[in-house]
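Assemble the whole structure, with the sequences as input and the hints as a guide.
If you're matching them up, the sequences are chains A and B in order.
Whatever position you read off the first sequence (first residue = 1), add 989 for our numbering.
Whatever position you read off the second sequence (first residue = 1), add 38 for our numbering.
The hints are simulated quantities; they were obtained by calculation from the structure and are not laboratory data.
Think about it this way: if two alpha-carbon atoms lie no more than 20 Å apart in a straight line, the pair counts; the simulated SDA-like pairs of lysine to any residue are:
hint, chain 1, residue 1, chain 2, residue 2
1, B, K167, A, L1041
2, B, K129, B, L97
3, B, K167, A, L1097
4, B, K167, A, R991
5, A, K1100, B, L274
6, B, K330, B, H265
7, B, K212, B, R60
8, A, K1100, B, I165
9, B, K167, A, S1008
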Amino acid sequence: MREHLLTPSLTAETKPSVSLYSSNSSLAVSIFGGAPAVIMMSILNSYRLKRLADAPVYLAALGAWAAMVYAALHPPAPQPLDWLFSNVGVRSSSSLLAILLCGGFYALHRKQHRTSTMFQAAPSPWIPGIACCLLAWGLKYIAVQIFSSVGGA
Amino acid sequence: MNEFAILTAAEYSTRASVLIERQRFGQARSVLAEALASHPDDADLLYQSARVDYLTEDLQQALETVRHVLAIEPLHLDARYLLACIYDERKELPASEAVLLELLREYPEFGMLYARYAMLMYRTFHIDKAKALAREALRLAPEDELALIACAIGDLIEGDRKVPAATLSALIRKYPENADTARLLVVHLIGIGQYWAAKRIAVELLKSQPNSRENLELVVQLETLSHWTVLPLWPLNRWGVAATVVVFIATMVIFKLLGIFAPEHRSAFSNFMIAFMAYSWFYPPLLVRWLKRRAGL
Chain A
990 MREHLLTPSL TAETKPSVSL YSSNSSLAVS IFGGAPAVIM MSILNSYRLK
1040 RLADAPVYLA ALGAWAAMVY AALHPPAPQP LDWLFSNVGV RSSSSLLAIL
1090 LCGGFYALHR KQHRTSTMFQ AAPSPWIPGI ACCLLAWGLK YIAVQIFSSV
1140 GGA
Chain B
39 MNEFAILTAA EYSTRASVLI ERQRFGQARS VLAEALASHP DDADLLYQSA
89 RVDYLTEDLQ QALETVRHVL AIEPLHLDAR YLLACIYDER KELPASEAVL
139 LELLREYPEF GMLYARYAML MYRTFHIDKA KALAREALRL APEDELALIA
189 CAIGDLIEGD RKVPAATLSA LIRKYPENAD TARLLVVHLI GIGQYWAAKR
239 IAVELLKSQP NSRENLELVV QLETLSHWTV LPLWPLNRWG VAATVVVFIA
289 TMVIFKLLGI FAPEHRSAFS NFMIAFMAYS WFYPPLLVRW LKRRAGL
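Rendered as structure tokens:
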């Protein structure tokens, strides 16, 4: 057991003070930029933590968002989504997905968020937050253009 | 002739150590200057000198002195431990890890070394390893302060509400006067939403260390969390993202129900929620700024 504990874990490339963008900044980004923005913000946190293992989670989240955009552009959507679109509305469904993803990503990095709060202050989220929102809006525009021309809508 | 003229290097070192423990760094420096004039190459005296520099945050001088100690006595345990601490403070984390691992291989029975390594692993987000190291530290040295702190931090990160109380109560029982114990208790109380109790402890902490900017910032943070004007935000502060998700979903449901049963109230509800959102985002940072200015930060 001890040998495992006595294996070096740090390399010369280890950043001295990694801290994560706060959960509040992710919430704000999810409300203004939607699902793609909160995915990008969480990717930034994973990058800061060097957690490559999170990549499948982001791919699945992007897939869910793309499926929702496609379904909204090509009614009728499959049953659960159709119910959501007709009862909640397309925009609110998209916001709901963003906020749920935000909660999911927080759960993914929950321990790291707690550690980060205990050991150092969170970095300023303004520039990355605005950049994520702008990129997300661009991505939404591109996705709508692509999905509109696909499937004979 | 002065009062220390007849002291040996070991006696000087003990005196300096006692003064350092009592945080009388100026007096410790005088004693060490006197001692090093007559024993310039004594490893223990040089180590005490490096300790004073480290504790007064002159890290460069501390590093040079520790290297001097290790040139004289390469296996000096305390100096090597101090070297790891200095590297840690200078954010040379791999170097700090290398020194600690070397020490752990030579002294595998020293719980304190595991605890120090655990703290380094927490800082670099190797949380599972840090917790395992903290447990090992506590197994080897159940009374060691740093081992207890490392375990309590692990429990707080894990987020189990009951476990931290057990490790914290052990810390409070054994080290009630310690500032780190009080800070951990404050973190725990913030975690369970007891902002008013946390503020009382933080105020006491500030009274005991009135020059600490860190403690003053902690009091300001807790003043913000417990201020009467942010009471409506208590559930959001307490349960964070989960509470926001619940509020968001509840808003959507209420909006939908209003649309069915009382459509004339929809716009009023919508305006209320927009106002609440603006208040929750913009008011707390403004309050923090005002309280910080009032506290002179």
